[in-house]
Amino acid sequence: MNDMTERKLALSHMWVAFIAFILACFMGEYQVLERSGLIEALDSPTVYFASVSTHGVLMAYVLTTFFIMGFGYYTASTSLKTPVWNKNLAWAGFWLALAGVVIAAVPLLLGLASVLYTFYPPVQAHYAFYVGATLLIVGSWVWCGIMIMMFLQWKEQNPGEIVPLVMFATTMNAMLWLWTSAGVALESLFLILPWAFGWVDTIDVGLARTLFAWTLHPIVYFWLIPAYTAFYSFVPKHAGSYLFSDELARAAFIVLVVFSLPIGFHHLYMDPEQASGWKLLHSVGTFIVSIPTFITGFTVIASLEVAGRLRGGKGLFGWIGTLPWTNTMVLSVILSLLMLIFGGWGGLVNASYAMNAMIHNTAWVPGHFHLIFAGTTVIMYFSIAYYLWPILTKKPIYSNNLALVQLWTWFIGMSIMTTPWHVLGLLGQPRRISSVVYNNLMTLSWEPYELLMIMGGLVLVGSACLFIYLIFKTQFGATTEVYEAEVEYAESYHEVKDLPEYLNDIKLWNKVIAVLMFISFGIPILQFFFLDTYDSSAWGY
Amino acid sequence: MHIDPLEKKWAQIVLAICAFFITIIMIDALFHSVNAPSNVETINSAKLHLSEEFAEDNLGVQIDEKGEITIRMVAGRYSFFPKKITVPAETKLTFRWVSIDVLHGVHIPMTNMSTMIVPGFVAEIETSFPKPGDYPVLCNEYCGLGHDHMWSKIDVVEKDQWQAPQITSKGGDNK
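If you read the sequences in order, they're chains S and B.
Under this note's numbering, the first residue of the first sequence is numbered 1, with each subsequent residue one higher.
Under this note's numbering, the first residue of the second sequence is numbered 1001, with each subsequent residue one higher.
Please note that a few of the clues may not be correct.
[Unchecked claim] Some, not all, of what chain S presents toward chain B, calculated at C-beta under 8 Å:
1) W154
2) N158
3) F298
4) T362
5) P430
6) R432
7) F530
[To be verified] Keeping only pairs whose Cα atoms sit at most 35 Å apart, straight-line, the calculated DSBU-like set for lysine-lysine is:
8) S/K507 x B/K1008
9) S/K497 x B/K1009
10) S/K507 x B/K1009
11) S/K155 x B/K1008
12) S/K511 x B/K1009
13) B/K1008 x S/K497
14) B/K1008 x S/K81
15) S/K314 x B/K1008
16) S/K314 x B/K1092
17) B/K1092 x S/K237
18) B/K1009 x S/K237
19) S/K155 x B/K1009
[Unchecked claim] Computed list of chain B residues with no C-beta within reach of chain S, every gap over 12 Å:
20) E1053
21) E1056
22) D1057
23) D1064
24) K1066
25) G1067
26) T1070
27) F1081
28) V1087
29) E1090
30) T1091
31) L1093
32) P1132
33) W1151
34) E1158
These aren't lab readings, by the way, just hints derived from the structure by calculation.
Quick reminder that beta carbons are idealized off the backbone N, C-alpha and C, glycines included.
Please model the complete structure; the sequences and the hints are all you need to start from.
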C-alpha cells in the first residue's frame, strides 16, 4: 500500500503538536522563575498571565489534539490496512484546526486573552480567542468523523471479524471526544460567543461552569488514551512478549470512556450552584473510572513480566532487571507507570468529596496534573514519536542513546518539579498567582520549594529541546541510510476467539453514555432554566 | 471470552478498594454531614448593596440570640470585605460568601474553609477552627491581573477571649 499521504498527514499533525509543545515549555520555565520572585526584572502580572494562558492552551489543547489526530490517522490506516477515508476532508480538518490555533494565538500573545485556558466567565477575552478555540474543536470533529467512518466501513466489509485493538481504542476515543467536546461547544455557541460579540449583555455563570465541567474531566482521558493505546498495542512487542489480555484491554477502554463522562462535578465540589447529591453521584463515578486504570496497570505489568521471564529473569523481581531497558518504548512505559502510581494516588485525594477542600485550587492541583499529564501521558507521546518517526520518514532514529537520556531527564525533571509543587499546595499556596505578596509568615516556608521547581523546570526544558533536536535530526539529518519497517501491533497471549459483540462495537456504549449523561447532567443543567438566576455582565481583567 | 484467574482476583481487589473509599465518603456525607458547600442559593450580585443581607453595615461577624455565629463576607477585586475579622476558636461558624464582580475562590490555608464564590450565588460553609492564630484569607481563583493582591486577614482567638460584637438594632456589625 502506498501510504505517502497517511505518513504526511501523521507528520504534519505531530509537527504542529510538538512545535506548540516546545514553545510552551519555555513559557513554563519563565513562569516558574517569575512566580518565585527571584529575578525582580521579570516581575509582571501582565506578561505572566498572558504566558500562563498561552502555555495552557498550547499544551492542553494544541499538543494533545494534533498529536491524537496524527496518531489516529496513522494507526487507523495501518491496523485496518486501508487508506484514510476521504483524505481531502482530513486535510480540511487539519487546516481548519490550525487556522483556529493561529486565530486564538494572536489575542493570547498580545495579552488580549489573559483568561487562562479555562476562560471562566464573566471575565471576558477578545472574541477572536473564543472563535479560534471553537474552530480548533470543529477541526477535531472532522477527525472523529473519519475515525468512526473507517471503523464502521471496516466492520461492514469484514463481518464477524474482530476489530484490531488499536483501532477499537482509537474509535472509542473519537466517540469520547465528540461527547466530551459537546459540553464546551454548547457553552461556546450559546453562552460565550453571543456575549463576546456583544449580541447579549450578560451571561449565566453557573450554567457556563456546569457545561465546562461536562468537558473538563473526560478531556483528560481523550489525552490519555493514546498513551494507554501504546501501553497495550506497542509495549508488549517492544519488550519481546505478548499482550496479557486483549479482552480486558477492550473492557478497560470501554469503562474508561463510559465513566469518564458523567463525573465532571468533581471539578465543582467547591461550587455553590450545584447541590450535594449531584456531587456525591459524580464522586461515585469518579472512583469507578479509576478501575480501568488499575486494570491497565495490571495488564501492562503482566505483559512486561512475561517479557522479563522469556528473557531469562527468575524469582519474584528478577524479571525487572532482564527487561530491555535500552528500548525507548519499554523505558518510557516503566517511567510512565511510576509517575502514574504517584499521580493516581494524588488523584484519589482530589476525587475524595470532602478531602478535596484542603487542596482545591492550591498548588497541589497543577502539581498533580503536570505529573499525570506532562509526565505519564506526554512521556508516551515521546516514545510513540521515537517509534513512528523512522517509519514515517524512512530514516533511522538519529540516536537511540540520546533518546534514552531524553526520557530519563524528562522523568527526573518532572519528579523534581512536581514533588515540591504538591507540597506547596499542602502548605496552602494558591495555584494561579504570579507572585507571593501576602504579608504573612507562612509564606516563608514556600521559598525553598519554589527554588526546587525552577531546577526541575530547567531539566525539563533541556529534555524537551533534546526531543525536538532528535526528531528533527532523524527527519532532516544528512543520512543516506534507508529505514524500511512497518508498524507492528502486539499479539495477544491468549488467542482471542468468539469475542462478544459488545467488546467489538461502539453502538451499545454510545447509548449507555447517553443515558448516564442524561441522569448525571440533565437536572443540573435544566435547573438554570427554572431557578431565578441572575446573569453577570462582562468584566475585563 | 478468556479471563485469566489472576486478572479476576485483581479485579476483585480493585472493586473492593473502590467500594471501601466510596463507603467512607458516603458515611461521612450522609451520617456525619461532611459535605462540600452546595446550598444552590441565588442572589443578584449587581445589587448586593441594595440587598438587606449584604448591605455594607451588615457585613462581618454577627451573633444571634441563640449564640449562633454567622460571618457575611463580600469578595470583590481585590479583597475580601471586611478586610479583617476576629472569630473564636473551637466554635461552629457559618460563613456566607458572595461576589460583587467576577468569579473568586476563597481558602484559609491549613483549614477546610474553602469555596468558590460564583457571581449570582451565595456560598455557605459551616466550619470551626481548632487552633487560634493569625490566618490569611486567600483568593484562589484567577480574577484579574491584580489577583495576587486579593487577600485579607482572619484572627482566630481563644474561645474565652473572644468578645461577641454588640447586636445593633439592625442586627449588623461593621467593625
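### Query
Does the structure break any of the earlier hints, and which numbers would those be?
1, 2, 7, 16, 17 and 33
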